[in-house]
Amino acid sequence: MTSLDILLEVKDLRIHFFTDEGIVKAVDGIDMNIFRGRTLCLVGESGCGKSVACRAFLNIIRSPGRIVSGEMNYYKRTTDNLVNVINIAKLPPKGDKIRQIRGKEIAIIFQEPMTSLSMMHTVGDQIMESILLHSDATRIEARKQAIELLDRVGLPKPDRLVDEYPFRLSGGMRQRAMIAMALSCNPHMLIADEPTTALDVTTQAQIVDLIHDLQRQLNMAVLYITHDLGVVAEVADDVAVMYLGKIVEFSDVHTIFHAPMHPYTQALLRSIPKIAIEREELDPIKGMVPSPFRRPSGCPFNPRCSKMMEKCTSVEPKITALGENHTVQCLLYE
Amino acid sequence: MTANTATVVLVAPTVTMSDPNHLLEVNNLKKHFPIVRGLFSTVTGTVKAVDDVSFFIRKGETLGLVGESGCGKTTVGRCIVRAYLPTSGEMLYQLANSSIVDLATLPGKEVGPFRRDIRMIFQDPYSSLNPRMTIFDVVSEVLRVNKICPNSEMQDRVEALLKRVGLRPEYMQRYPHAFSGGERQRIGVARSLITNPRLVICDEAVSALDVSIRAQILNLLEELQTDYNLTYLFISHDLSVIRYICDRIVVMYVGKVVEISDTLDLYINPRHPYTEALLSSVPLAEPEGREERSRIHLQGEIADPSNPPSGCYFNPRCRFTQERCQSEEPKLRDMGSNHFVACHFAEQMSLKGVIH
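Residue numbers (our numbering), protein chains in the order written: chain P, 97 to 430; chain W, 52 to 407.
This is chain P alone, in the form it adopts within the complex (with noise of 0.2 Å):
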């Protein structure tokens, strides 16, 4: 892969949430690179920090969390491909230039299609405002684009649907209408925070193969936010491992599948149950998920390894690079 090719680098992501009751790291040193045209898993168990990481890529990270430091570098492609580099970390919330990329540069899609769009106006309303703030287009261009878009996400009768409010859609159909939306502006990364959690098993069939077919047909960059390690297989080319706030392991798919070298991928595998004709017995991890409050010291995850040694709890463990592509925290491989 070029320099080119990349889309987004993260560099030492931090974000804290400062409550009353103490700082929450809810992201604590995160790296990592998205590149064009291919898709990257982000999984954990909730609270590792996955979606306030996916959030700070478009800067909507509420109050009390800040970034507290690291770089986002946007790779911006401009109209005579040049690469211009911003960083979105630096870039104030509300400002201008974080509205260009916001919407239009990086997409997102929400897990819950029943809250995520408004009930007030209508699926194409909805879909219009993107296109109306993003570009020149007139509103009947812009209606016109929207029909496309959802004929394109494969909905039926778009030309009647566009009128329609979203408590007449189903779940998928919603769902379907979200990602609509998010590829109005032809997107060059697109984020899916757990897009078919909610869904039933046939619609989230149908919707994990729309996202990689609109990503082939638009070389999009795909974020790809879930917890289900099914998943994960089905769509990664690479997979980073989330734990609280850290990323433990990250490499391709394969290897991350097969040649695990994190206590804590390698538990999280055996945690879940296979459909195979041989049932192997599910070998949970212990323990539970710390309070954000409690972090135990050195690496986070030593409370529940089943591979801790002495220095686990005082020394944290480093970014260790194990091949080409494979990079893992743990002491064990320092």
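Everything labelled a hint here was simulated from the structure, so no lab data went into it. All C-beta atoms, glycine included, are put in the ideal place defined by N, C-alpha and C. Be aware that a few hints might be false.
Unchecked claim - Covered stretches of chain W (chain P as the covering partner; in silico rule of three or more C-beta atoms under 8 Å from a C-beta of chain P):
1. 68-79
2. 90-104
3. 334-348
What the hints assert, rightly or not - Taking lysine-lysine pairs in the DSSO-like style, the calculated list, with each CA pair at most 30 Å apart, reads:
4. P:K403 <-> W:K214
5. W:K198 <-> W:K214
6. P:K370 <-> W:K198
7. P:K370 <-> W:K403
8. P:K382 <-> P:K414
9. W:K214 <-> P:K382
Position chain W against the provided structure of chain P, taking the given hints into account.
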């Protein structure tokens, strides 16, 4: 208590089960909800949430009930605990003394004792616990209300069970907000087991949990099954969890049973096109060979249970649909070796499973 014995005496001679090993037999169960409109609550239609469902649960087994949202699987569970009064049908339940009761027609006042025998575990560990009751109150409520055991014993009984489900009894006087999702689900498990039930209905009991916690709860449920000799009706939409925990599976689609089979047989050799499509959409946790895997994309949306299509309810979305499917409703037929299917053409199709 007298009411209970009276029922047993009355009902026992008239109804019998087809097999003495069955704990529960559901025959032609229907639950229709009226759609009411306007000032005078005129009934303008019915939602056939459960429509002519028949299956049985053997003693000591785990029966899975799968289907997409809105297929009526939760309604079946709620009918069995009589949270809903069924519209028609039978629910024959075999008591510990092998007498048989029809739960569907039991008068409301006499249901009480069976609510201790048949318990439920709910999906959402956050909303299913009253935030103003301590853990002790939550778990012991059913004992107090039904005066099952004296107050002096209650403490010990709750303590022992909390320990068994993996919670520290010292925390008994705390409120639910102090516990995490996984711990709350353990509290839910303790609450349902405190009466020493025989049948436990797990309604999406692990669906809201994180992967690592889900594995803990699944293993706990299995251990408790052996320890207390429990029978589970496991309602879920997650086919990998169903594969792990169930002995047999009932597949539902829009209020009807489309297929019943032993677990492994269903995954290897599905006989109904809906089951095949459902299985093909399950994401497998295996990146190898994912490009070659072909998914069956169902066309259109799930049928509306208030206005279902004629004939087989699945016919508008089925790949193999023929004229007969639109006119004649398929009956659930025995295909041999514990496999039942409701499809006219089950013999003529060779469908693909997910395990080869």
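Now for the hints, and whether the structure bears them out:
1. 68-79: violated (count 0)
2. 90-104: Violated - the region 90-104 of chain W has 0 residues with a Cβ nearer than 8 Å to chain P, which falls short of three.
3. 334-348: holds (count 9)
4. P:K403 <-> W:K214: Roughly 27 Å between the alpha carbons, so the hint for P:K403 and W:K214 holds.
5. W:K198 <-> W:K214: holds (23 Å)
6. P:K370 <-> W:K198: Cα-Cα ~44 Å, so violated.
7. P:K370 <-> W:K403: Within the cut-off at roughly 18 Å; holds.
8. P:K382 <-> P:K414: OK: P:K382 and P:K414 at ~24 Å, within 30 Å.
9. W:K214 <-> P:K382: Given pair W:K214, P:K382 holds - Cα atoms ~16 Å apart, limit 30 Å.
Hints 1, 2 and 6 from the list above are not met by this structure, while the remaining hints are.
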